[in-house]
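S.K.: Listed below, chain by chain, are the residues.
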Amino acid sequence: MYQIIEKRLLADKIFLMKVYAPRVSANALPGQFIIAKLHEEGERIPLTICDYDRENGTIDIVYQTVGASTYKMAELNVGDSFTDFVGPLGNPSEFVKKTPEELKNIRFLFVAGGVGTAPVYPQAKWMKEHGISVDVIIGARNKDLIFYEDEMKKVANVYVCTDDGSYGFHGNTCDMINELYARGNHYDHCVAIGPCIMMKFVCLLTKKLELPTTVSMNPIMVDGTGMCGACRLHVGDSIKFACVDGPEFDGHLVDFDESMKRQRIYKTEEGRALLALQEGATHHGGCGQCS
Amino acid sequence: MDMMKKVPVREQDPKVRATNFSEVCYGYNEEEALAEAARCLNCKKPFCMDGCPVNINIPAFIHALTEKDIEKAGDIIAESSSLPAICGRVCPQETQCEGKCVRGIKGESVSIGKLERFVADTNRANGHVSLAKAPSNGKKVAVIGAGPAGLTCAGDLARLGYEVKIFEALHKAGGVLSYGIPEFRLPKEEVVAKEIENVEKLGVSIETNVIIGKSVLLDELLEKEGFSAVFIGSGAGLPKFMGIPGESGNQVFSANEFLTRSNLMKGFRDDYDTPIHIGKKVIVVGGGNVAMDAARTALRLGAETHIVYRRSLEELPSRAEEVHHAVEEGIVFDLLQNPTEILNDENGNVTGVKIIKMELGEPDASGRRRPVEIPGSEYIMDCDMVIMALGTSPNPMISSTTEGLEINRHGCIIAEEETGKTSKENVYAGGDAVSGAATVILAMQAGKRAAKAIHEKLS
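Chains as they are written, first to last, in this note's numbering: chain R, 1058 to 1348; chain B, 109 to 567.
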């Protein structure tokens, strides 16, 4: 059993949990993910690692309640446990293999969208720990969805933007990138993590800017260990599996449209499961969608 | 009774079983088992034993059975196999023990598999476990993967007095026995879980949720965690796809994914959270046991199910029994046909498969006649879901993180057939991780041979 040591509400429907999982934290690095399971009957839920503490044997995960399983996860509290918590899965970010000297010559721009801010944090933190200064854009629809701003400011130069202008720069992450370039900034490598649609448009822009871009893909997975093939995606002409080949890929080669279609496979099933969970016996099928 | 014929085994009615996940075959009762056991000629030179990959003393256990000593029969099997209730159900006996049975020359062979199953099921029901083992020798061995290879290797080493720990990547032990083979062929709670418990009763400990190569590196097992040897039984890996257009369609699944959702995650049950998608008409591509399992699962979930296979009935690699069961249940076989494209609508949803008809040409390297496309024979079969059951390619997680562990050009770990010895000192391997996708019993054979080699090395 993997106990929850800490739980915090970071923003609207976005939760952080610190989980005791020493087998996972022992070899975890930025860019990798875990799979958690709530109980015997639960799904295997893949989540990117948002921080790790080898000394105390803990892993931080951040999630937004979007379906029945994350909704149930949010009902767990400090002292409760996951029945299963496995990792680290996937490959660490490419840059962890580089020497500090190599990294010093690369100007990094991190672009974090929505809940994607959480997985950017350990990457920026790793950079800071290795003496590298990086820029981070945190973008969200509105002020209520911005989180980790203070933590991020401790490890990077932070630019906040909101779609509705309720906080920080008024505009989406692409507008913010354009603004930074307009201010005369220049970068050698971009890392963009967020919703598929954001990563798609960031990549369209960075292609024009000739800025190599790494993205972190979060497709549907079952085992996460290279067995089921659910997480396949096109990267250029070849089929890759996010769990063993990724989850980070060259964003200029990823087929985002295909990935977005594939992410919707279980939407109806998930929606029905969430309705059934929230409304319980009172859900009588009046919506006509769930028979 | 006709001594030339097997005592028939009772099965669930095909029409009824096509709608449920209960076991198809009921197995023998005591009366039937004793009648079948009486057919064994107790040959002086038992060819059946040569046919068994783990060399169970078949005449001896059947002889004990004729004397109604079922516990003794179980103890004899246990000398060679830790998973008899599983083997009795899923081994391809027709090409192994039963294929060599002298009875089979003029009539039908003895139903060795069904007898093994009867012995295992009876002893399990009565709580009899064969726990004979040597005193502890204080040496630790790590086993990677709690599938048939790993469980067998671990069981044998535990009986020899070793302290054995199995590391399993998934949340449940069993490997393919848990995620791959469906409930209706191999019940999970009554059979798989119980046989794994018996291995644990020998002193083997199983730690789930540990991925060797990620959570812990293989070298750390040898250097930090104090294991004297490691056996890799990590199984097959990534599913293969055809590489045809449209294969990224939303309802194109690998058999591995579909079966894992159903078997391991129990997606077919309402009280489990994992969703499983099922179409109205499902096409399964492939002709092996996994294709049969996927098709029969889709059928039970309510779909009209077709198997599309590029060769003819005779070349189907699946066990004859599985094909027979599939036909009985109403699965349609579209043979000598091969998909060339999967058709999807603008949202990526599958609408059909473009299929070309084939004919058999000259034999190829495998000795089977090569299927050749018939020009101009393409047609479209409507469907709303496709399952690809084309085999797997090896998982890179251990080989890519372990210095000095050699792999072949297919990515399989290189290991000596008789011993499982790899290129790395004190590291052994066997099962699908070495051979590529094969059978449960061949994985068990590899686990058994490696256990023997590890014991010789460490003693």
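FYI, nobody ran anything at the bench for these hints, they're computed from the structure.
It is possible that some hints are incorrect.
Stretch-level coverage of chain B by chain R, calculated; a stretch enters the list once three of its residues show a Cβ under 8 Å from a Cβ in chain R [said to hold, decoys possible]: (1) 213-220; (2) 270-284; (3) 375-387.
Since this is a predicted model, take the numbers as computed values, not measurements.
Here a beta-carbon is modelled for each residue, glycine too, at the ideal position from N, C-alpha and C.
S.K.: For every hint, state whether the structure bears it out.
M.R.: Each hint tested on the structure:
Beta-carbon proximity to chain R at under 8 Å applies to 0 residues in the segment 213-220 of chain B; the threshold of 3 is not reached and the given coverage is violated. Figure legend: the segment 270-284 of chain B, annotated as covered by chain R; annotation consistent (3 residues with Cβ-Cβ distances under 8 Å, at least 3 required). Coverage of the segment 375-387 of chain B by chain R holds. Counting CB-CB distances below 8 Å, 6 residues qualify, and the rule asks for three or more.
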